[in-house]
Structure formats: structure tokens, C-alpha cells
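Letter by letter, the chains look like this.
Protein chains: 2
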Amino acid sequence: MDDKLFDFRRFSSHKITVPGHFHPIAVGMREVRMQNGGTTILYDTTGPYTTEGFVPDTRRGIPRLREAWHPAGQEFHTQMWYARRGIVTPEMEYVAIRENMGRPGDGTITPETVREDIAAGRAIIPCNRRHPEAEPMIIGSRYLVKINSNIGNSKLGSSLDEEVEKALWSVRWGADTVMDLSTGENIHAIREAILRNTPVPIGTVPMYQTLEKAKGRVENLTWELFYETLVEQCEQGVDYFTIHAGILREHLPAALRRTTGIVSRGGSVMAKWMNHNNAENFLYTHFDEICELLARYDVAFSLGDGLRPGCIDDANDSAQFGELKVLGELARKAWEHDVQVIIEGPGHVPMHKIKENMDLQVKYCDGAPFYTLGPLVTDIGAGYDHITSAIGGAMIGWYGTAMLCYVTTKEHLSLPNRDDVREGVVTFKIAAHAADLAKGHPGAAELDLQMSRARYDFRWADQFNLSFDPDRARKFHHEMIRENGADHCSMCGPDFCAMKITKSIG
Amino acid sequence: MDDKLFDFRRFSSHKITVPGHFHPIAVGMREVRMQNGGTTILYDTTGPYTTEGFVPDTRRGIPRLREAWHPAGQEFHTQMWYARRGIVTPEMEYVAIRENMGRPGDGTITPETVREDIAAGRAIIPCNRRHPEAEPMIIGSRYLVKINSNIGNSKLGSSLDEEVEKALWSVRWGADTVMDLSTGENIHAIREAILRNTPVPIGTVPMYQTLEKAKGRVENLTWELFYETLVEQCEQGVDYFTIHAGILREHLPAALRRTTGIVSRGGSVMAKWMNHNNAENFLYTHFDEICELLARYDVAFSLGDGLRPGCIDDANDSAQFGELKVLGELARKAWEHDVQVIIEGPGHVPMHKIKENMDLQVKYCDGAPFYTLGPLVTDIGAGYDHITSAIGGAMIGWYGTAMLCYVTTKEHLSLPNRDDVREGVVTFKIAAHAADLAKGHPGAAELDLQMSRARYDFRWADQFNLSFDPDRARKFHHEMIRENGADHCSMCGPDFCAMKITKSIG
Numbered sequence: 001m002d003d004k005l006f007d008f009r010r011f012s013s014h015k016i017t018v019p020g021h022f023h024p025i026a027v028g029m030r031e032v033r034m035q036n037g038g039t040t041i042l043y044d045t046t047g048p049y050t051t052e053g054f055v056p057d058t059r060r061g062i063p064r065l066r067e068a069w070h071p072a073g074q075e076f077h078t079q080m081w082y083a084r085r086g087i088v089t090p091e092m093e094y095v096a097i098r099e100n101m102g103r104p105g106d107g108t109i110t111p112e113t114v115r116e117d118i119a120a121g122r123a124i125i126p127c128n129r130r131h132p133e134a135e136p137m138i139i140g141s142r143y144l145v146k147i148n149s150n151i152g153n154s155k156l157g158s159s160l161d162e163e164v165e166k167a168l169w170s171v172r173w174g175a176d177t178v179m180d181l182s183t184g185e186n187i188h189a190i191r192e193a194i195l196r197n198t199p200v201p202i203g204t205v206p207m208y209q210t211l212e213k214a215k216g217r218v219e220n221l222t223w224e225l226f227y228e229t230l231v232e233q234c235e236q237g238v239d240y241f242t243i244h245a246g247i248l249r250e251h252l253p254a255a256l257r258r259t260t261g262i263v264s265r266g267g268s269v270m271a272k273w274m275n276h277n278n279a280e281n282f283l284y285t286h287f288d289e290i291c292e293l294l295a296r297y298d299v300a301f302s303l304g305d306g307l308r309p310g311c312i313d314d315a316n317d318s319a320q321f322g323e324l325k326v327l328g329e330l331a332r333k334a335w336e337h338d339v340q341v342i343i344e345g346p347g348h349v350p351m352h353k354i355k356e357n358m359d360l361q362v363k364y365c366d367g368a369p370f371y372t373l374g375p376l377v378t379d380i381g382a383g384y385d386h387i388t389s390a391i392g393g394a395m396i397g398w399y400g401t402a403m404l405c406y407v408t409t410k411e412h413l414s415l416p417n418r419d420d421v422r423e424g425v426v427t428f429k430i431a432a433h434a435a436d437l438a439k440g441h442p443g444a445a446e447l448d449l450q451m452s453r454a455r456y457d458f459r460w461a462d463q464f465n466l467s468f469d470p471d472r473a474r475k476f477h478h479e480m481i482r483e484n485g486a487d488h489c490s491m492c493g494p495d496f497c498a499m500k501i502t503k504s505i506g
Numbered sequence: 001m002d003d004k005l006f007d008f009r010r011f012s013s014h015k016i017t018v019p020g021h022f023h024p025i026a027v028g029m030r031e032v033r034m035q036n037g038g039t040t041i042l043y044d045t046t047g048p049y050t051t052e053g054f055v056p057d058t059r060r061g062i063p064r065l066r067e068a069w070h071p072a073g074q075e076f077h078t079q080m081w082y083a084r085r086g087i088v089t090p091e092m093e094y095v096a097i098r099e100n101m102g103r104p105g106d107g108t109i110t111p112e113t114v115r116e117d118i119a120a121g122r123a124i125i126p127c128n129r130r131h132p133e134a135e136p137m138i139i140g141s142r143y144l145v146k147i148n149s150n151i152g153n154s155k156l157g158s159s160l161d162e163e164v165e166k167a168l169w170s171v172r173w174g175a176d177t178v179m180d181l182s183t184g185e186n187i188h189a190i191r192e193a194i195l196r197n198t199p200v201p202i203g204t205v206p207m208y209q210t211l212e213k214a215k216g217r218v219e220n221l222t223w224e225l226f227y228e229t230l231v232e233q234c235e236q237g238v239d240y241f242t243i244h245a246g247i248l249r250e251h252l253p254a255a256l257r258r259t260t261g262i263v264s265r266g267g268s269v270m271a272k273w274m275n276h277n278n279a280e281n282f283l284y285t286h287f288d289e290i291c292e293l294l295a296r297y298d299v300a301f302s303l304g305d306g307l308r309p310g311c312i313d314d315a316n317d318s319a320q321f322g323e324l325k326v327l328g329e330l331a332r333k334a335w336e337h338d339v340q341v342i343i344e345g346p347g348h349v350p351m352h353k354i355k356e357n358m359d360l361q362v363k364y365c366d367g368a369p370f371y372t373l374g375p376l377v378t379d380i381g382a383g384y385d386h387i388t389s390a391i392g393g394a395m396i397g398w399y400g401t402a403m404l405c406y407v408t409t410k411e412h413l414s415l416p417n418r419d420d421v422r423e424g425v426v427t428f429k430i431a432a433h434a435a436d437l438a439k440g441h442p443g444a445a446e447l448d449l450q451m452s453r454a455r456y457d458f459r460w461a462d463q464f465n466l467s468f469d470p471d472r473a474r475k476f477h478h479e480m481i482r483e484n485g486a487d488h489c490s491m492c493g494p495d496f497c498a499m500k501i502t503k504s505i506g
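Residue numbers (our numbering), protein chains in the order written: chain B, 1 to 506; chain A, 1 to 506.
No wet-lab data here; the hints were simulated from the structure. There's no promise every hint is true.
As the list makes no split between identical chains, a pair holds if one copy fits it or if it spans any two.
As the list claims (entries may be wrong) - Computed list of lysine-lysine pairs in BS3-like fashion (alpha-carbon distance at most 25 Å, straight line):
hint, residue 1, residue 2
1, Lys213, Lys500
2, Lys475, Lys325
3, Lys215, Lys500
4, Lys439, Lys355
5, Lys439, Lys353
All values reported here derive from a predicted model rather than from experimental measurement.
Between the sequences and the hints, there should be enough to build the whole structure, so can you do that?
The following block contains the structure:
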């Protein structure tokens, strides 16, 4: 592992912890020491990697944080089960403290509001009891917009070490969850290594491994093979599963007439299976059994949008919204089992059609958190789809989407490497933060204010340290100005600095 | 000059021209030959550089296209003068054909609608008669959203050759106008070289050169020195001037109380001048004289927002909107002189406050085209401000902004180099196109449709050639797949391609 990866001392920042009031928890955050003597607290996803003295050993894994919170032998229930019975778990208190980023809070986010939201299905804390390494985090429209980083190999490339490295790169740059979408060799071992070394919830699409077991042939797929794979992944510790249970036979005619058909891998597999077997989607018909299994581990559903639009021309069509309605029905069924649920959303959608997606999702899915892939606001951004999707992601986050799946520059073209992961994560941290600002999350504006004061004071180091990618900001600045103390920037030079001129007035 | 810069044969595309019906004009466009035998027409900003057989010689400059349209000795009037008298000029017909991108058009954009919009002040064609090298283009909310690329040196760096190269890079990647914001050495010579070699309108902020003449001291600034500079730049051929005539003494108390004060260079200079001389802004008090001068060349006003917010905390404040009201008053005065006008806008604005900017601009400025810098939707994106601004730019473009000034990755940190210009221009082409799609520009959706059909057919070369940066798209794809003919992409590998699976159904 790159030994500078988690060295945040370079950014004048260090890990602090805030203790719980009700539970023996210590919530990690990052404190930046500012040049003017102040401090700023940042949300932090790096887990033990930034704890003073921690020595990473990817063979052994990271500490099993949540194990101590739940005595062995205690009967296990999901977060939703507890929430509905009025019980604030350590996980709920943890995320409440975390969301307030160490500030006293303005009272809008408390352990009790967290509990209410979990009970109502408006938020989830993905936390498989078999993945105690993960720090609790919350996904819901009232909270900070979260971002997910997709990693995983395909038949055409990438190894176990590379995938673990991409997972750690993701959390180093701020990913709130990581999905392992491996479809190539060694799926089980790669996932094991990621789970044991990553301090954020891990999601998967179990159909990928199932299809691998079926030797890549949809004809060989069975419910039994799928269920066996679910059990394997529950046991291993996966925190949420994308399951394409909402795509039904009735949707297929409209989907197959589209300009780009079905662009979800899981969706296309189920469509082919239904067509081949002349039968309804087995994920739909066996949904109760899946709920029972997930409840035993507190694995959350991420109900997959197998019919998300793959191009502008297909956005908001009857196939897409028909499936969305079914996803709402399934969410209500999962809640009957106290299983937590988020709903996946598009895809490719032009800006003027984005809001309808959010409005219908809230309507059909009774406020279950929305988790979107972008949306990408045009189809023609090849090589720049981190940007086409950040535009749509920021907007839909503002409208209420709880988590954004990042998209990298390589989307539609190739698999992301380490640098692409970094650029994708930072881009989506920015989109998510823009959404937090616009929706008025308590405290989001504070970061912008600190940054702008640093800018007006020419405190360059503070500007670098408060940005999402301090290395890059510093590097760009130093290309033209070698010292930190300049009272102007290299864009304008000494005579044309507007801020400097402003200060000289009156 | 990089001799591959304008070699579009690599992208299976070549220059075509469409003749006028009323005037002896030939409008350049680019035609892409598709793998399936079809063609797609792209808007093209490259001027003579992509004309078969053209040999560039930056010492001699490019052909003086518009000279032949206006016989020597003919009395000169502005486009607005003609439009108000019912006359469709060659420039108006040119942009009407150009906007329809070679399609027959659906009748919403005709030479007559262009004339009406120019007459009403709802659109402008920046075209100083002393810059006949520039191809006509139109800026107005009904038309394709345009983008501007800022180049120019500062005391801290860059030379004449570098700046000409950045101007040509800008148009190669699709910039519709270029602003030369040089504040360093050699301003006159750099501008001359850019004007003689660039086929798009050139804008400047004449205050920068005026201040250079005043040896960088606001105390030395006079109206006479400014006017002399305006004459110099009108004669040279600058097509539009940013003039900060709307910032008045009454605005200063509020502006100086802000978190980041005044962040417009021109605005801060005028503020300091007013304060030092205890006098009203001379650009405001001499505005009629400026109008008379600009009318003689058809130089357009870009009325500068000297009080644009420089941070989220200052967005939409009384200083900003107070100045905007004055800009509307000045626009009406310019129109009395038949001078064309666009209005500059912010800046740093969170998403939920963007629309108010557009609504008030339309209200205060009677529909004069809006030209914004972003807006940047958060302050903390240092190193990624092309993205924070593309998010805001796409949104405000959708709401009706006519032109977006690009922002590069180096914003707030350093001057952009050639690669930064490319990334900035392409990013803003994408934001502008997303806005065109959302506002329903006739023909914008056609590009997305062609791209998506190519994607569904696995026509990889077509996907590269239809994207804004074919080199980058091709490079990314070839990192993992060496041939063009794959019927799947490297993200999914052969067994997991959703499109391939979809096609195998039914």
C-alpha cells in the first residue's frame, strides 16, 4: 500500500474522536488546523487508517469495530427492528454524531431523528453483522448526500491487490460506500479481501457471481444457485445487495423497443431468463424468502433499476416508471420483514426530466432513500462522463436523492484505474456537497465559508487543506508561485488581484 | 503550430459548406461519415483551418472572410441598426443556417427570426467591422448555448506564441468566442496576433490595458486614457468589450462588507477609483460617448458584473442585484445607439439560488442575452472548478443563459495551460449541450440519438467521432480493447454486456 495514502499530517489535519452519550462509541472525524489558529472539522471515511499509530496489514484486516457493541449471544435484529421499537442503537447514535461533524448541531439531527427515519424507512444504516469492520453511516434524504464508488474486475482485467487498492483509494478520497462489481476471476477472494480491509459498507450485485457459477450462461441460472450465492455473500459480510426484482415480464415489450434496450447488466440477465423460461422474474416470486435471509444479517436491499434508461431518448419512459412502481411495492414488502431498503435510479436523463424521477420515486416508494447513477445529462460526453453525471447527480441530490453512485471518466469505454477512481470520487464529493448546500444541510455552508475566508485572507495552505483534493490544489498553485505567502494569485498577478485591491479601499 | 491540431480526417469528418439563399455566403460545418453509411452534421468553429488545402501562416493571418460581403465605401451600420430597419444582413443569414446545422430546420430559426431577435436586443452577432476574419455567430437564449474561452497572460507568465496557440486550441475544441484577458507584457501585440488568426469573435476587458498604461496605479487612471484604449482596440478589431459601467458608489458599502468583497478585477479597479476620487464611475458618466464609439465599429457591450459574488455566502446579495438593475438601464441606453449588448452574470451561486439570477436578469435587462461565469455551485472545489462551474453553467443555460464563460481546473490557483484549455472547453461544450437538450433546441437531441444508436450497434469509431473529444474517448477505449470491432465493452467483458444480452432476447 502507498504509505503516503492516509498521511493526513501533510494537510495539517489529524483524526479526532467524539464519544457517544448513550453508547461506548467513539466517532472519528478529521480536524484541520488553520493558519489563523482556528480549526475546521471534516467528515471522514478513512476509519482506522488515520488513527495514530495504526499499522495496516491487508492480510490480517482492520479491527472489528462493531463487534464490541453487540455482546456475543445477544439475539440479533436489524436496525429497522430496533428503530420501530423505539430503541436507539449504537449505530444510530454514531451516525447522528457523525452527521453533525463534531458541531453541537442545530437539533435537526439527533439520535432520535435518526431512529425515527430508520423506523419509517426514510433512511438506512447498511451494516451486515458479519462486517463489523464498517463504521456506521446513514443514507437518507435528510442527511449528507453520500457517494458510492464502484470497483471490481472484469474478464478483461484487474487483480485482487488492485481491487483492494482501489477500495482503499476510494475511502481515502471520501467514498461513503464501495460496491464490488467483479465479474471476472476470483470473485470470492477479492470480496473477502475488500470486506476485511474496508471501513465503509460494501455493496454487491449477487447476480454477477451467480452468473459466473452458471458459467456465464443465463440458461443455467436457477433460483437455488442465486440463493446459495446470497447466503455466501451474507455470511461474508456484504452490507447491501443490488437485486433486480422489479423488472417483470410485462415490462419487456416496451424495454425491447427502446433505442438502447436494457443497459443494466442484472436487468438484461433477468429479462433473458424470463424470456427463455417463459416465466416471471424469480427474484420477484421469491422475494419473501430473500427478505427473510437478509433480515438475519441486516443486509439492506438496493432495489435495482434493471430498466434504467441508457440514453436520453429512453429517459422517463413507461418501462422505467413501470418498474419503479414495482420497486415501491417490494420496498413495502421488505419493510414488513424489518429489512432496510434503498431504491436505485437512473441513468441517462436530460436536465428537464430529472425532477420527475425524484417526484415519482418519492410517490411510488413512500420515501425510501433514492440512490442514482448520475444521472448523465447527455449521451455525447464520452471520456468526460464523470462530468455529465456530476451535473445530473448534483441536481437530483438537491431534489432529495440520498446517495450518488460515482461515474468515472472511463464510463462506456473502459475500467477505471486508480487515478480514475480518485477523480471520480472527488468529482462526486463535489456534486454531493453542492447538493448538501442547496438543500440546506446544517453545516454544509460552513465549509464554503471557511474556504472563502481563507481565500480572502490569502491563506493558501488552508485553501488546499479544506479542498477535497489538497494535493492537486497545491500542485496547481505551485506551478506558478513557489511560496505560500503571496498576497495575490498567479491568475491575476500582483497588480490585478481584485481581493487585494478591494482591501486597499477605504 | 501542432500540424495535427485541425486534422479532422482522423475523425472521419471533413468540412462542408452550405450556401446562402439571399447572400453570397458559404457556411462551414463538419460532416461525420458514419460506419453505417450515414452522416451527421456538427456545428464547427474551426473556420479556414479545416478547409481543404488551407496552409496556416500565423504571420500573415487567416482570410478576411466578411470583407467581401460589405463593399468598400458603403456606409457602415451595426447589425442592430439593420435589424431594426427590417434588413437581413449576410451575418444574420449566416447564423441562421449555422444554427440549423445543415438540417432543413423546423422553422423555428430563420434569417427573419434572427433579425427580429437582433432588433429586439434578445440576441447579438458580435462582429467588429475591423475583424472580418471572424465567422458570424449568434448569442441569444433561443439559440445554441455558446461558450467562451478565456486566455491571456499575466505578469507571472506566458508569451505571444503561447497565447495564439491557446486561442487556436480553444476554437479547435469548440470555443465560440475567445476573450484575451492579458494583463502582462506585450498586450497590443498579443491581441493583434490573436485577432488576425482567430475565426471567432474576440472579447477583451479594455480596463486591463488601460491600467497597464497607468503603470498599474488606479490613481493614474483617467477617462481620457480609457477612451484612448477603447479607440485602439476598436481599430484593432475587438468584437466585444467587458465594461464595468454598472458598479456605482451607492453599491460600495454593501460590497465592502461581503465575505470576499469584490472579486471582479475591473469592478475592484472602478471601486478603488471612485473611492479615491470621491466621484461616480466614469464608465457610467461617459456611457453615451462609449456607445457612440462602439456604434461606429459594431463592437458589442458585454456589461460587466463588477459585483458578481465571489463566494457562496455573497450570492444574490443587494450589491449584486443592485448592479444588475443598473446594467439593465445601460442596456436600454446602448440600444438607443443601436449598439448590441450582452449582460455578464455570476460567479459563485449555490444551486437553489441560480434560477433567481436568471429571472431577475430577464426582468431588469429586458431580455438582453445573459453571459455567465459558471456559476460555481460551491467554493470548495479547488482543482476541480471546471466541474463546480459546469454544474451551475448547465443549469443556468437551461434556464436561458445564452453564453457560458468556461472555467478551467486552474481557477483560483494558476493560469491554464494548453491541456487545461482543452479540458475546460470540452467540459463547457458538454454543459452547453446539456442545456440545449433541456431547453429543447431543435436538433440538439439528434446528436444524442446518433451517439446512442452507435453505442447500441457497437460502432466504436462513430462513438469516438461524435464525442467532443474523440482522441480521449479512443484512447480510453483502446487501453483495454485493441480492436474497434468488439461487440461488447471492456467495462463488462463479453459475458456481461447488457446490450449484447438484450439483443439476444426474442
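The hints, checked one at a time:
1. Taking the shortest Cα distances, Lys213 and Lys500 sit within 25 Å of each other only across copies (20 Å), while inside one copy they are farther apart (65 Å).
2. Taking the shortest alpha-carbon separations for Lys475 and Lys325, neither the intra-copy value of 48 Å nor the inter-copy value of 40 Å comes in at or below 25 Å.
3. Taking the closest pair of Cα atoms, Lys215 and Lys500 come within 25 Å of each other only across two copies (17 Å); inside a single copy the shortest separation is 66 Å, beyond that limit.
4. In this assembly of identical chains, the alpha carbons of Lys439 and Lys355 lie at most 25 Å apart whether taken from the same copy (14 Å) or from different copies (15 Å).
5. With identical chains, the CA atoms of Lys439 and Lys353 are at most 25 Å apart both within one copy (19 Å) and between copies (11 Å).
The structure fails hint 2 only (numbered hints given earlier).
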